[in-house]
Each structure stands twice: as structure tokens, then as C-alpha cells.
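Asker: The lines below spell out each chain.
2 protein chains.
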Amino acid sequence: MTGLKGKAVVAQSGGPTAVINASACGVIQTALRRRDVFTGVYGALNGILGVLQEELYDLGAEDPAQIDRLKRSPSSALGSCRHKLKDLKSSRRDYERILEVFKAHDVRYFFYIGGNDSMDTAAKLGRLAAEVDYEMIAIGVPKTIDNDLAYTDHSPGFGSVAKFNAASVMEAGRDTEALYTHDTTTVHEVMGRNAGWIAASCGLARRSDQEAPHIILLPEVPFIRERFVEKVRDCLAKYRCCFVVCGEGSKTPDGKYLGEAGGAFAKDAFGHTQLGGACDAVRAIIETDVGVKSRTNRAGTAQRAAMHFASRTDAEEAYLVGQKAVEAAMRGIGGKMVTIERTSDQPYRITTGLADLEKVANAERPLPKEYISEDGFAVTEAFRRYASPLVQGEAEIEIGADGLPVYARLARRLIGGKTGPYAVS
Amino acid sequence: MTGLKGKAVVAQSGGPTAVINASACGVIQTALRRRDVFTGVYGALNGILGVLQEELYDLGAEDPAQIDRLKRSPSSALGSCRHKLKDLKSSRRDYERILEVFKAHDVRYFFYIGGNDSMDTAAKLGRLAAEVDYEMIAIGVPKTIDNDLAYTDHSPGFGSVAKFNAASVMEAGRDTEALYTHDTTTVHEVMGRNAGWIAASCGLARRSDQEAPHIILLPEVPFIRERFVEKVRDCLAKYRCCFVVCGEGSKTPDGKYLGEAGGAFAKDAFGHTQLGGACDAVRAIIETDVGVKSRTNRAGTAQRAAMHFASRTDAEEAYLVGQKAVEAAMRGIGGKMVTIERTSDQPYRITTGLADLEKVANAERPLPKEYISEDGFAVTEAFRRYASPLVQGEAEIEIGADGLPVYARLARRLIGGKTGPYAVS
Chain P
150 MTGLKGKAVV AQSGGPTAVI NASACGVIQT ALRRRDVFTG VYGALNGILG
200 VLQEELYDLG AEDPAQIDRL KRSPSSALGS CRHKLKDLKS SRRDYERILE
250 VFKAHDVRYF FYIGGNDSMD TAAKLGRLAA EVDYEMIAIG VPKTIDNDLA
300 YTDHSPGFGS VAKFNAASVM EAGRDTEALY THDTTTVHEV MGRNAGWIAA
350 SCGLARRSDQ EAPHIILLPE VPFIRERFVE KVRDCLAKYR CCFVVCGEGS
400 KTPDGKYLGE AGGAFAKDAF GHTQLGGACD AVRAIIETDV GVKSRTNRAG
450 TAQRAAMHFA SRTDAEEAYL VGQKAVEAAM RGIGGKMVTI ERTSDQPYRI
500 TTGLADLEKV ANAERPLPKE YISEDGFAVT EAFRRYASPL VQGEAEIEIG
550 ADGLPVYARL ARRLIGGKTG PYAVS
Chain S
150 MTGLKGKAVV AQSGGPTAVI NASACGVIQT ALRRRDVFTG VYGALNGILG
200 VLQEELYDLG AEDPAQIDRL KRSPSSALGS CRHKLKDLKS SRRDYERILE
250 VFKAHDVRYF FYIGGNDSMD TAAKLGRLAA EVDYEMIAIG VPKTIDNDLA
300 YTDHSPGFGS VAKFNAASVM EAGRDTEALY THDTTTVHEV MGRNAGWIAA
350 SCGLARRSDQ EAPHIILLPE VPFIRERFVE KVRDCLAKYR CCFVVCGEGS
400 KTPDGKYLGE AGGAFAKDAF GHTQLGGACD AVRAIIETDV GVKSRTNRAG
450 TAQRAAMHFA SRTDAEEAYL VGQKAVEAAM RGIGGKMVTI ERTSDQPYRI
500 TTGLADLEKV ANAERPLPKE YISEDGFAVT EAFRRYASPL VQGEAEIEIG
550 ADGLPVYARL ARRLIGGKTG PYAVS
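As you go down the protein sequences, you meet chains P and S in turn. Quick note on the numbering used here: the first sequence kicks off at 150 and runs consecutively. Quick note on the numbering used here: the second sequence kicks off at 150 and runs consecutively.
Don't read these hints as lab results, they were simulated from the structure. Do not rely on the hints blindly, as some may be mistaken.
For chains that are exact copies, the list does not tell them apart, and a pair is met inside one copy or across any two.
[Unchecked claim] In silico DSS-like links for lysine-lysine, alpha-carbon gap of 25 Å or less:
{"#": "1", "residue 1": "Lys235", "residue 2": "Lys442"}
{"#": "2", "residue 1": "Lys442", "residue 2": "Lys233"}
{"#": "3", "residue 1": "Lys235", "residue 2": "Lys380"}
{"#": "4", "residue 1": "Lys405", "residue 2": "Lys567"}
{"#": "5", "residue 1": "Lys405", "residue 2": "Lys154"}
{"#": "6", "residue 1": "Lys154", "residue 2": "Lys508"}
{"#": "7", "residue 1": "Lys380", "residue 2": "Lys154"}
{"#": "8", "residue 1": "Lys252", "residue 2": "Lys442"}
{"#": "9", "residue 1": "Lys233", "residue 2": "Lys156"}
All chains should be built: construct the whole structure from the sequences, respecting the hints.
Answerer: Shown next, in the form of C-alpha cells:
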């Protein structure tokens, strides 16, 4: 306990996940129990934009049942954004504005749930506050389906997208298998712009060689057309069908995304440029070079919000890191992000730790080499040992009388503004 | 009881579903209990192709646990095909070949699980058998995610794809809502080439006006660009985001699929032709005419195989129609398809009936007008009353130690051939 009393602001940033609300719930419920420290717990509407525009609402005034339901609700119920603040020099006006709003409401704690960019914003905000002698604690809560945050064993959000995608690949793989006399190949695109963690996780679906996915395209492994085509032919000969998982961030050897480079590939096939995603480019290659029909699947945003088959492990850890962020803040710890440290694979055990926000902000974590098979088209046993515990258990959801999930909805009634309007740069 | 003894062949045809294996299980388990009637129960590898090529296997020799697991396994475990036999005149050789194989193995019962085309094949086969005085019973078991089979209240497979897609739309809709400051619109494409039942079912996700889907594009309602654009603008003004569900079979007023016509639309936007699906064409229109960024989701084959969130009602009915087919066959009834007749909406009650295969084969059932809202962009309360009972309950699945579903796999050891090779026409 530091004696620092004041309001807390909780914000969510970047792409939603199945469990980012569970993290928010962990922060909110833990903070609301400590009114002696937190004189109010506010939500920022749409991440840092809500702070800049002074669009705040009182989470203590929300229905506690809806707050609790956040544990079982996907997407970012507080509202999210992709607004990136630059460095303290060029975006100084914005950082000062944030402090202006915080001071006006006596906000002394800032909990930012997000990825690298959010950690960067939180770090810089903390630095400026120290510079101008405004006592406040900024702390980060990790969130990303991409699992590319460094200094943490994994990030909440990844286990759930991994579980849903692996199950989908298993199911769509059975579909391809059953209809191989008609459509022999399927290209199934999954998210992951910069790292192949999500694509790799689909490899969990493959319990035996004959099962999907037969080929995984990872951003970490340059896509060489000839090698890929040979591998597809090989799969068709062996299994009579071929199921390809394609990470959206897969690139050509000269660093172009397949989705963008697709034009060049597709031109060969159809004489005009391709606009779709990576899966469309890969399909064009299969149809041209191998000469078999191919289908494409791309769940898009539905994959990262797929709470209906989220990982219980992931949902519980997401709550935990939110709770730990509040506990750390109460001990006076700022400038840090809560991390997950694995202490044992089997049985799976974790503890939480803390990492410097600045370090986290400036690092990325691609899929390590030891998780990628020699030919680059599959994952290793080491990856399975890493990823398998993260998809364990099914997160609880509520089902309504209409047979569909019931997810939280917050009232988000904005509190009165104490500052003037602000034009976000 | 008719006294007709002999072997039974079970076959699956067309696109897989989450519950077509449950129907197969209903047929197999019911038939295997009556060895006094069925001297053997064979599976045909890949539908009618397996019969033509005499690729049959003994379902009685399979592990009973795997047979039982079919109830909880998606896709077509017997193997499927899209091989369509023409009329008795032009495809006579094929029909005679089927009878040749059936005679060689003393097959007296044929259970064909599929849609219109399969019902057509079964009907014609039955007719030829009567013509040549080969005593046999051909009976149909309905299956289609498209729900466009006539003479039945609904078809097994629909309830599950409806449940999964509605949940996905609910989840992806929350995602769009949370990130409206960055991506305001999402186009979510679902299956249904000829009928809008699946697209309509996504409307179940919309419990209040502000929730997704804000617009549904149905094949039954001609797509008029200007009206659509106006509706998108309207949604953006009201809800600050717009979530569009697009049935893959949506068409322009002159009857072109949006996916194909997409070229024309996309050319306006980017100067070249569009290759993707309907969602890509719709996205191009939104980005050009409305001027906002749009995302696209298209789960593809993963939606129809999504056993991990299938409807329990659907799975149970799928089993039931399989069982009823065997019971009808034992009463000597051939040339029919088992139907589902709804006797009450609330509480939901059904019974099964029988319809002539020929009638079913030659009919289609588009979404009726009373299920479509006046402006054509939504569904009515009448549709909700119809569809809601079909998505009730979650089908049971098994989860392995790796946290992922465990689905059936049959050994499918082919029995020896008794006829010569055959070249399928």
C-alpha cells in the first residue's frame, strides 16, 4: 500500500479477443472491492480516444451482473480503438491532454489492456506524469490473439483463438476429406499479420499424418511457390486431399504479403489482379500450378471473438492478469506489464510476473525456429507441448432461451465533462 | 414386416453437415439390431460413386464405439461425392451398374442420405429395379444445410449451421461494434447458393436493433446497389457501425450472383475484376459508394462442419430420420423420403412423415415472403418462431486430453469385389 488514492481508468485497445473482457473484469472487480484506494473506477470509451475526448463512464454504476458477465463475453465491451500515439515529442500535445483529463477527474491509476502499442502509450504517459510531477501509476495488461508480446510466456487471447481455429481446421479438414472426389484442396486463412503463432496453433488439429492441416504457411517461413506446389502434389498423392492453413501474414521471399503479392500470382491464372486475402492468392496458385479445384475459408474477425468455443485456461488467465495488475498498482508498481510465467508444462502451472512497459513495447516475438518443422510446413512436438495447455477446457458461456449465447452489454453512461472539447490529432 | 431379407447399403452425398453422420448412425444402429431383416449393413465409399465402383465396406465390422461416435462427429464419415446421375435414359448404364452391384451382393435396401439430387437418384434407381423385377427398397434421408428440401418442415443440417452462424454473427458483430472507430463495416458471407435460409438464420442473432446483423442480403431479394448503399448509410448514422450478412447466393436484379457480378462492381472501385466471393463484391461497393473501410468474413466449409457448436435439436432429429427410414423400409415402404412435420411451435413438437422421392427431387423451397421484412433486409417474427426451436440445445461432443474435439473415424475396409471394374461416366 502506497497511500496513493484516486480514481482508476480502465481502457481496452486494438483488436478484440474472446477474453479481453475477462481481463477488464479482473481489473474492475478487484478495484471495486478497494474503495479505500480507488475512489472511482471509470471506463474509457474506445481506448485512449475516450480519455483524449473525455468520454468516461462510471464502471461502479454499471449493473454488477453485467460486469460479472464480462468474464463470459467476447470483444471489447468498454469500446476499443486503433489510435496510436507517437513519441513524447511529436505527440506531446496528446499526452498532455491525457494528463489534463486525468487531473480533472483525479485519476491516479491507468490500466491499459492491449498489445505493444498500448504498452508504449502507457509507458510514455507514465514518463510524462513523472516529468511533470503528477503522481499516477500506469500499468499494462497483456492482450493479443497474435501472441507476439515479448517477456510473457503467452498472451491472453491467444489460447482461445488457437482453440477455436484448431477445432475449425479439424472440422473443415473432415469436410475436405469427405468430398475429395469433388474439391481436393482447401485453403484456410487465419489471422496473424506479423507472427505465425495462430497459424501454428492450427497444427494442434493434426493428431495423425492423414489429418488436416497437411500444410501450414507461416509468416516466419518465406513462401516459395515451387516448394509449396511440390508439397501440395505430395499431399494429394498421399492423402488424396490437401488442407492448407495459411497465416494472413505469409510472405514471399522478397517480403511481400501473399495477399498483396497475390496480384502477381493470380495474373498467371486469370489474367487480372487478385484483390482477396492470402488464401485467394494461394488458391490461384493451386488451381494454376497443380490444376485442382480449391476452396477458401477465412473466418476473419469471427475467429478472434469466438467465445462460444474459447479456452477456459485462457479466460481464467485473462481474469488473473487483470486482477494482478490492480494488486501491483496498489503496491505502487507502475511502468510495468503483468506477464505470465510458466513454471511447468506437465502439469501445466503458471505464476505471474512483471516486465518493463518500455521493453515490452519495443520487442516482438515471432514463432521460434524450434517450433517449426524442418521443411517449414508444420509444427514440432516442442510447439505442441507449448500450445496444448493453452487450449485446455471450454470457457463457460450463458445460453439464452433462444438457444444463442448471452453476452454482456454495459450501459456506458458518460459522466459530465470537466474540460473543454479536444480535437484528436 | 415384408419378409424381404438382404443387405442394406448406406450412402452419404453432397456437402457435409454437422449432423449427417448422426443420420447415418440412426440408419446403421437401427439396421444392425435387425439381423433378421438386414443380412449385412454396408457403407458405400463416397456416395453413389462407391456403389458404381463397388467400393463397399461392412459397417457391422466397424468398432461399435466409432459407429456411436458418429452421433457426435461432423462431415460425412462414410465419404461423400457430388456425382449426379442424369435421367434413366441418358444414364441408364450407370443405373444398371448399380443394380448389378446390388444383385452381386444381394443388396435389397438402399438408404441415401442427401439433398434433391440424391432423392432423384434413389427414386430412379427404385423405378429401374421395379422395371427389371429386382425386389429392393430405396429410401431417402433428408440432409442439407440449405434447408431447401420441400415436403419437410426443415432438413437436418440446417439447425446446426444456423446456430453456429448466428453465434458467429453475434460475436463478430460485437467485434465490429467495439472497433467502429477504425473499421465501421463488416460483410459476413454465409452459405446458401439457391435459398436464403442460412443468411436469414443469422437474423436470430439480432435481439435488439443496435445489434448485428443490421442488414441481411438474401438470394430471394434482388440486390439493388442504390438501396443497399442507402441502407448502409442509414445504419452508420444510427449505430455508428454496420454489420452485413451476405448470402453467397445473393443476386443482382438480372440474376447474376454478386460473386460473379462482383467484377462489374469492383471495376468501378479499383479498375479491375474481382475474383472473390459475394462478400468481396459487397465490400467493394461499401468502400466505393459509402467511402468507409469494410472487412470481410467467410467461414466457408468450416460453417457447415461446425460440430463444436451444433444444435442438439438438429443432431437428435438427424438421428431420428435415419432410424425412421429403416423402420419404414422394414414395413416395405420404398420410393419415399422421411420428412419432419412440426405439430407445435411452442412447445416445439415434431413427428416424422414420408414424402414421394420424385416430388422431393423436383421441388425447391426458397425462403417464403412472410419470413422476409418489408424492406428485404431483415427477417420477420414469423421466421424467428420458425427457426428458433431448431437451434435449441448444444449437441454433445467429446473433448480429448489435448483440449480439442474427438471425432469418429471409420476403418472402411473394402470388401472383395464380385463384379468387374467399371468406368463411371
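Asker: Now tell me, hint by hint, if it's right for this structure.
Answerer: Structure-based check of all given hints:
1. Lys235 to Lys442: Cα proximity of Lys235 and Lys442: across copies only (23 Å, versus 46 Å in one copy).
2. Lys442 to Lys233: Classified as between; 18 Å across copies, 42 Å inside a copy.
3. Lys235 to Lys380: neither (44 Å within a copy, 37 Å between copies)
4. Lys405 to Lys567: neither (48 Å within a copy, 56 Å between copies)
5. Lys405 to Lys154: Answer is neither; intra-copy 50 Å and inter-copy 65 Å both fail.
6. Lys154 to Lys508: neither (28 Å within a copy, 76 Å between copies)
7. Lys380 to Lys154: The answer is neither: 62 Å in one copy and 49 Å across copies each exceed 25 Å.
8. Lys252 to Lys442: neither (62 Å within a copy, 35 Å between copies)
9. Lys233 to Lys156: Classified as within: same-chain Cα gap 24 Å, cross-chain 69 Å, threshold 25 Å.
When the structure is compared with the earlier hints, violations turn up for hints 3, 4, 5, 6, 7, 8 and for no others.
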